[in-house]
Structures are given as C-alpha cells and as structure tokens.
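So the chains spell out like this:
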Amino acid sequence: MSIVEDTGKLLEHLFRHQSGRMVAHLVRLLGPAHLDIAEEAVQTAMLRALETWPYSGVPENPPAWLFRVAHNSAIDVVRANQRIGQKSNALAADLSRTVAAPLDPDLEEQLRDDELRMMFMCCHPAIPRDSSVALSLKTVGGFSVREIARAFLADETAVAQRIVRAKRQIREQHLTLELPRGSELDRRLDSVLEVLYFMFNEGYAAHEGEALIRQDLCQEAVRLGQLIASSSMTQPRVDALVALMAFQAARLPARTDQTGDLVLLEEQDRTLWDRHLVAVGFRHFDRSIGGNAVSPYHVQAAIAATHARAAGEQDTDWPLILELYDQLMAVSPSPVVALNRAVAVAKVEGPAEALRLVELLAGDPKIQEYYLLWAVRGHLLRELDRHAEAAFCYRAALECACSAPEQRFLRRKLAECDPLRMPAEQEDQLDNQNHHHH
Amino acid sequence: MAQFMLLLYDTQEGRAHFGSMSPEEMQKATEKYMAWTRKPFTRDSKRLGMDNGKVIRSDGGKPRTTDGPFSETKEILGGYYTIEAANYDEAIRLTLDHPHLEHGGTIELRQVYGS
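Sequence lines, in order, name chains A and B.
Position in the first sequence counted from 1, then plus 111, gives you this note's numbering.
Each step along the second sequence adds one to the number in this note's numbering, with nothing skipped, and position 15 is 1.
Calculated directly from the structure, the hints in this document are not laboratory data.
It cannot be assumed that every hint is accurate.
Stated by the list, open to error - Computed Cβ-Cβ distance ranges for the label pairs, DEER-style:
| no. | chain 1 | residue 1 | chain 2 | residue 2 | range |
| --- | --- | --- | --- | --- | --- |
| 1 | B | ARG50 | A | LEU288 | 52 to 62 Å |
| 2 | A | LEU288 | B | PRO49 | 29 to 39 Å |
| 3 | B | ASP45 | A | GLU267 | 15 to 25 Å |
| 4 | B | LEU82 | A | ALA421 | 50 to 60 Å |
| 5 | A | HIS285 | B | ARG79 | 28 to 38 Å |
| 6 | B | ALA2 | A | GLY423 | 49 to 59 Å |
| 7 | B | LEU82 | A | GLU267 | 52 to 62 Å |
| 8 | B | VAL41 | A | SER167 | 46 to 56 Å |
| 9 | A | GLN518 | B | ALA(-12) | 51 to 61 Å |
| 10 | B | ARG79 | A | GLY423 | 50 to 60 Å |
To be verified - Far from chain A, by Cβ distances over 12 Å, these chain B residues were calculated:
| no. | residue |
| --- | --- |
| 11 | GLU11 |
| 12 | SER31 |
| 13 | THR52 |
| 14 | LEU80 |
What the hints assert, rightly or not - Anything over 12 Å on all C-beta distances counts as not near chain B; from chain A, calculated:
| no. | residue |
| --- | --- |
| 15 | PHE126 |
| 16 | ALA463 |
| 17 | CYS513 |
Just so you know, even glycine gets a beta-carbon here, dropped at the ideal spot from N, CA and C.
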C-alpha cells in the first residue's frame, strides 16, 4: 500500500496538471492537427483511473500509470480512426516506440518542453485572443469547458465555440509546435504573457461565487508564468509578470470578508496575505531587474512590491508609488493607469489635487462607463467633506457595469455619505458635466 | 456480523456523466470512491473487467461459451464490495452515502450467507 493511499488523498490537482502535460506530450507525437485524439486519450486514462483505483488502490507511480494508459488509448483511437486512414499504422508505431515513464529526468525535461511549446502554439497570432485563452486553459491548464465558462461568467457554448475556432486555425494554418526564432520568438513571448495576464485578471476580477475556480485560474497563470521563467526562453519581463501576479494572488485571501464583501487594500488584514506567494513574488521581482528593458510589467510589479513591503497601510511608501505611476504613464499610458495614479496623488498631495486630476479624466469617453472612476471621485469628495456630491458619484458608479460584491461595496459607501440632498443647482451642474452618463 | 455484497452497476447515464467531467472533478470523484473503500466496515472490493466477458450456458447438455452481451446492455455490473453490517437496515444505511449513487449508478445489496 503506497503512502498516497494511506492518506486517502491524491496529490492536489494531480489529474489537472498531468492532463495538461499528457495532452502536450501526445500532441507532439500525433501532431497538433490531432489534438482531439490526444484529449480523448487523456480523458480515457483518467476515467480508467476513476474506475479502478478505488478497488485496486493507487498505483505506485500515478503519473506513469496515467501516461501509459493514455498512450495505449491513443494507439487504440488512432488505429480505429478512419480519418487518419493510412497514416494510422505509422502513427500507432510511433506512439508504441515512445516509452512513457515520467520518473526519468530526461523525460521530465521533455514534458516541460512539450507543455511550453503547446502554450506557445496556443498563443499563435493566427488564433484570436479569447480563443487563445480558452484553448490554453483547456489543453495546458486541464480545465473543462464548463469550468472555463464558470470562471469567465461566460456561456458554455460560447467557450466551446472559441475552442473550436482555435482548433480550426491550428488545422487550417498547419500550426506546429516548433518555436519561432529571433524577433518572432520575442513577439510570441509577448502574446503568451498577454494571455497569462488576461487569464490572471479574469480570475482576479471580483465576481461573486465560484471563488475557488477563479483562484485556480490565478494559480494556473502563476504556474505557467513560472514554467516560462524557468525555461531558456525567459526574459526579465517574464519574471516581472510572475512577480506581479504572485504579489496580487497573495492578497486574494484578504480581499473579501466572510460574507463575500470586498475589502479595500488599505483595510485588509495583511496577516491573511499568502506569505509563500509574497516570497515567490520577491524572488521573481529580484530576478526581473537583470537587463536594461523596463516593461510595463516591471513597473506594475514594483508597485505591487511596494505594497507587499509595507507592514500596514500607514507604512506604505506612497511617494515611491506615485513615482512608479509616473513611470507607468510613460511606458504604457491609459486612463485606468491615470486613475490609479490619482489615488497615489491623493495620498501624497492630498485629495483636492487628486480630484482635479480625476475630473480632467472624466472627460475621456474611454473611462466614463468605468465604475471605479465614479467610486474614486466619490471617495475623494467625501475626504473633502462634500458628501452630497460624493453620494451623486456613488449613485453614478452603481449605474455602471459591476459585479454583485462591487455593487454591495458601492451601496455601503453611498449609505455612509450624508443622506442630505445636494442643492439642486449643484446636481444640475454635475448632470450637465456628465450628461453622457444618463 | 452478517456480510452483504454491494453490486455496483454502471449505467449509461453514469458513463455519460463521467465522460463530461473535468480532470479536477474526476480526481475528486476518485478520491471519494477511495475514501468509501477505506471505510472500517468494508471487507473486500473488486473491480470487474470492462470487456464483454464470457457467458457459458448448457446447450442441450453441452457447455457453450459465447461473448458476453454486456456492453450493449443498459446496466453493467462494474464491481463489488463486501461489507459487514448487523442487518439489511444497517447495510442500507451504510450504503446510502456511496459515491456511486451521486454519479447515476445503481447499487444492488445482497446478503452473503456462510460468512
């Protein structure tokens, strides 16, 4: 009886992680056009495990067992598949030659390489971004369509469609697992990082329910980032992104209270931050400093590191954070960055100056429907004791698209404002200013 | 203590259900089955082969062997457990939380004599 069985539990996420590696491995043997066969074989292997392990016990080496069964299943599918026709014998012979034994360190190396190549293929520019994300999560991450849909609050059919589109592109454009070279590799790395960042942000967004699956999404983005960071393809900006994601993921346990309501950074119980992830963040942050190029990920990681370094909100080095936002505006300007910069301005120069900046921003149509613009404006007005105007802003924020926890947060803030009605002319004035909004 | 056999039948719905599960869900299900197998009252558990099996009949006094019809039937005997319980009532009570029931399977409970 193995140790695994005695605890009655398998290694956490064993199936999910092995699934991604097995699919990548089989795709290398079968070719990307036969991704479906690889997925089917892997599904069969896990089903076989489910049907036999409860009776026979967990095998000595569960990954090796799964690999062997997936291999054999792939051979069966290839032999039975009419579409593959004459190639099926050659393919089956190919598969039979490969001995799957994941304990072998060389094979371990090969599997990491397969996983990376798979990830880079999923992020090929021929595949639309949302399809890349869905395909990466399904094939490399081992998530099901239903889980991806749940994490993205999307329709299952829509997610399935994205994956179908991605697979069609792979077949039609004859995409391979070969890595691009030189500057093209650099560009591909950028799109891989964008996909990871998007994956992370989707998981991180404050939506209600399904907290676990969203957390898994964040963890998966960090894991894949680490995988790239430990490969020969890595660049300092990879470490910067991993650091940024790790610092933010570390705050997840403190970000909502027991009732699922949002807790702002300044009010978070920092003892709840995940120390291991903070350490991962600093390790990659230190490594990201090598090299001359400063990417937007570098600056964002530096901001997150500054928050992570502070023992409490009052110890936060706001002047440094403001300086970093100035840098971020220089390398990747956007209204959202400007809004975040205004929050730092409020801490350093006071709410009046910050409010002036936010009101300048309010004219930008790109950000008018963004609830945080109104929430920040409301917050600054309250600090200036202009409660009635603050209430108006929180009401405007509530009209923007936001999740249920965000809405509850805004309503709480609204209730904290002075319930007195604001003078009519003042409301008119704000109304004229914000006519776009209603 | 009396002994009872739990005959676990795999159904078509159950198979379809397993087929649509994610790796994470399959792992959770596997762990649940394993946890049940380790309960203190279980004495034995075996999984049956997933092929068609063989059927041997007496055909006019002569034994005749054919391939089993199992894969076409709606319910296939997939495995069995032997458990100890005072009586049927207790055996039923102990069986009610078996994960097989969560996945659309059927369990047949039979007392085993001579044990």
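>> Assuming the hint says 46 to 56 Å, is it satisfied by the Cβ distance from VAL41 (chain B) to SER167 (chain A) or not?
In response: Violated, at about 25 Å.
> Closest CB-CB distance from LEU80 (chain B) to chain A, is it above 12 Å?
Replying inline: holds (16 Å)
> Is it true that the C-beta distance of LEU82 (chain B) to ALA421 (chain A) lies inside 50 to 60 Å, as the hint says?
Replying inline: Holds: the Cβ-Cβ distance is about 53 Å, inside 50 to 60 Å.
>> Beyond 12 Å on every Cβ pair: is that true for THR52 (chain B) relative to chain A?
In response: It holds; THR52 (chain B) is separated from chain A by about 24 Å at its closest Cβ, greater than 12 Å.
> At the C-beta level, are LEU82 (chain B) and GLU267 (chain A) separated by a distance inside 52 to 62 Å?
Replying inline: violated (32 Å)
> Beyond 12 Å from every Cβ of chain A: is that where the Cβ of SER31 (chain B) lies?
Replying inline: violated (5 Å)
> Just checking, CYS513 (chain A) versus chain B, shortest CB gap more than 12 Å?
Replying inline: holds (29 Å)
> Once the closest CB in chain A is found, is it more than 12 Å from GLU11 (chain B)?
Replying inline: violated (7 Å)
>> Within 52 to 62 Å: is that where the Cβ-Cβ distance between ARG50 (chain B) and LEU288 (chain A) falls?
In response: holds (53 Å)
> Against chain B, does ALA463 (chain A) keep a CB gap of more than 12 Å to every residue?
Replying inline: holds (51 Å)
>> Taking the Cβ atom of HIS285 (chain A) and the Cβ atom of ARG79 (chain B), is their distance within the range 28 to 38 Å?
In response: Taking Cβ atoms as reference, HIS285 (chain A) and ARG79 (chain B) lie about 60 Å apart, which means the hint is violated.
> So does LEU288 (chain A) sit 29 to 39 Å from PRO49 (chain B), Cβ to Cβ?
Replying inline: violated (55 Å)
Checked against the numbered hints given earlier, this structure breaks hints 2, 3, 5, 7, 8, 11, 12, 15; the rest are met.
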